[in-house]
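**Student:** Single-letter residue listing:
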Amino acid sequence: MARLTTTLLMATALVATAACSKKHPEVLPPAPGAAPEQTQPTGPQGPVGDAVVPGSSADFKRSVTSDTVHFGLDQSDIDDTARGILDTQVAWLARYPNVRITIEGHCDERGTREYNLALGDRRANAAKNYLASRGVDASRITTISYGKERPIALGSDEEAWAQNRRAVTVVLSQ
Amino acid sequence: MKLKGKALSMRSIALLSALLLASAAPAQDVPPTPLRPPAQPPAAQAPGGAPPPLEVSVTGGISAPMPIAIPAMPTTQVMNTPAGSTDALGRQLADIVTNDLKSSGLFTPLPPAQLRTVMYPEVTAPAFSYWGGSGAQALVQGFIRANGDGTLTVGCYLYDVSAQTELMRQGFVVPPSEWRRAGHKCADMVYTRLTGEGPYFDSRVVYVSETGPKAHRTKRLAIMDQDGANHRFLTNGQSIVLTPRFAPNQQSIVYMSFINDKPAIYVYNIGSGTQHLVTSPERLTFAPRFSPDGRWIIFSMSTGANTNIYRVPTSGGTPQRLTNSPGISTGGSYSPDGSKIVFESDRSGTQQLYVMNADGSNQQRISFGGGRYATPVWSPRGDLIAFTKIGGAFRIGIMSPNGSGEKLLTNSWQDEGPSWSPNGRVLMFFRQGRGNAGKADLWSVDLTGVNERRIPTPLDGSDPGWGPLRP
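Same order as they appear, the protein sequences are chains A and B. Every letter in the first sequence is one number past the one before it in the numbering used here, and letter 26, counting from 1, is 26. Every letter in the second sequence is one number past the one before it in the numbering used here, and letter 437, counting from 1, is 437.
Read the hints as simulated data drawn from the structure, not as lab findings. Computed from a predicted model, the values in this text were never measured in an experiment. One or more hints might be untrue.
Here are the simulated EDC-like cross-link-like pairs (lysine to aspartate or glutamate), alpha carbons at most 20 angstroms apart as the crow flies [claimed, not checked]:
#: 1; chain 1: B; residue 1: Lys102; chain 2: B; residue 2: Glu452
#: 2; chain 1: B; residue 1: Lys439; chain 2: A; residue 2: Asp79
#: 3; chain 1: B; residue 1: Lys102; chain 2: B; residue 2: Asp149
#: 4; chain 1: B; residue 1: Lys439; chain 2: B; residue 2: Glu406
#: 5; chain 1: B; residue 1: Lys340; chain 2: B; residue 2: Glu282
#: 6; chain 1: B; residue 1: Lys262; chain 2: A; residue 2: Glu149
#: 7; chain 1: B; residue 1: Lys407; chain 2: B; residue 2: Asp446
#: 8; chain 1: B; residue 1: Lys102; chain 2: B; residue 2: Glu122
#: 9; chain 1: B; residue 1: Lys439; chain 2: A; residue 2: Asp74
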């Protein structure tokens, strides 16, 4: 489960990065009703991919812009981009008022271990406070700081560090 | 019950040493030990002058290490013990002493080919003529004997080769399970006598053993002797564990664990393998360390925005806040007399070092160099504070408690988290490699900045906590 989450998060981050660094215009979405035939699974099992339970972690991830917001070096303020992302989380959380979440705060590897635990806690709480300010009941939100213990990007370069300075919203299974 | 027995026999080491040597060393077939050197000085001695005292310079720079001979220690009688046969143990004891002294960087043990086989009667009557020609300035001889009660006696003798005198002797009685400690005690005797520095070889290290991919490291609490022997894992790796530090009595370890995804501070009892929670997981608590008298645990607690330093009685109770500043104050470490605390805080804008009284009063910034300073640790001698200096790379440095005399000891990509040897002369830290394949390893460096060495561990390692000298 943990591994699956990591993989999903990594995929999200990679997509985000790819999107950011791309200078070409985005690929146009396929015309409605013109879904290519070959992408439809034809095996005896039938399609299972769309069986997403409303209010679940999978539902959250496909409903929000991102489950992750990023921070500047040694910073913990929620910038405009982060606000936009968190607002989509607020909307989803409003639809499922019984769902509880935890926010993980993370840091890049350029801080010392103990300082980063404190900084990660600040980031998680900054995200939590923003959600609460937008009407999400704070009692639904727990936080945990991982400091630099759980990087998502493994390089030792600016791009990896930027990805690792993050707060990740995780929907808790009910 | 096993523990109690252990503790008793170990305590007896020091107490019995004098007594035992009187009876243990010279058996009936051994000539009486000459307590005084032969009257005539060696031929090479300058006329009229007494031989210069044999000593190793430890004051900075790269001084030539002292050549020293450490032949295998003979046994009075070959006997099988739970630790092995006594003749094999005698060879391994010499290896332990050799390895310890060599690791200090202050000695060059003679290679095995230049050592002669020492028979038991020779232990107290060295073949000075041979050793004089070997180039060794000092000679360590010893013996091992299995006692009727199941214990082992190890005798350790230090000689000045050119003066042909005995400098010191000690005897140690150990249970077979702790036979290596006799070797470390012998090395400590030699080191202390020849350098004037305090002993440190008979000590242990707790640290975090690491393995697995960088994105999901498995971290386990582990304990080992200072030389890497007797390695043992204490936790199973299901939860992240960080920053273990010994209690002054060495019976427990305080550390941070993410057990049940609720990071908090725990005290782990080494003897029983049990642990208890010290701080409430309601809020993030971390960076724990014992006070020198063991009565307090100092730690950091985040309130979401700010992190401050607190202390709580080791026996439990209500935490007392010591700092009250906006920003992140963490990494508290007591002075050896318990009167002061050094810590790091970014209240000025960047991480810097501060010293305050143990009750939190009189907080003074002590670091003013360029860059950031983190993870301060007060030397057990009281004279220095070691830290991680952040200026792009992480480096290990030292400064005096008033902030003067800053000196950086290492120069790598990421060296972090120094921990002092019991005598305040060596620092152990962890070195993180760069990038995806980067792993962390334990290293040590002399406080003069020389003799950088990797500490062998079965897996990768970080967060070393060097324990006090064992009793």
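**Student:** Hint by hint, say whether it matches the structure.
**Tutor:** Hints, one by one, checked against the model:
1. B/Lys102 / B/Glu452: The hint holds at about 12 angstroms.
2. B/Lys439 / A/Asp79: violated (33 angstroms)
3. B/Lys102 / B/Asp149: violated (34 angstroms)
4. B/Lys439 / B/Glu406: violated (28 angstroms)
5. B/Lys340 / B/Glu282: violated (28 angstroms)
6. B/Lys262 / A/Glu149: holds (15 angstroms)
7. B/Lys407 / B/Asp446: holds (12 angstroms)
8. B/Lys102 / B/Glu122: Outside the cut-off at roughly 24 angstroms; violated.
9. B/Lys439 / A/Asp74: violated (24 angstroms)
The structure shown violates the earlier hints numbered 2, 3, 4, 5, 8, 9.
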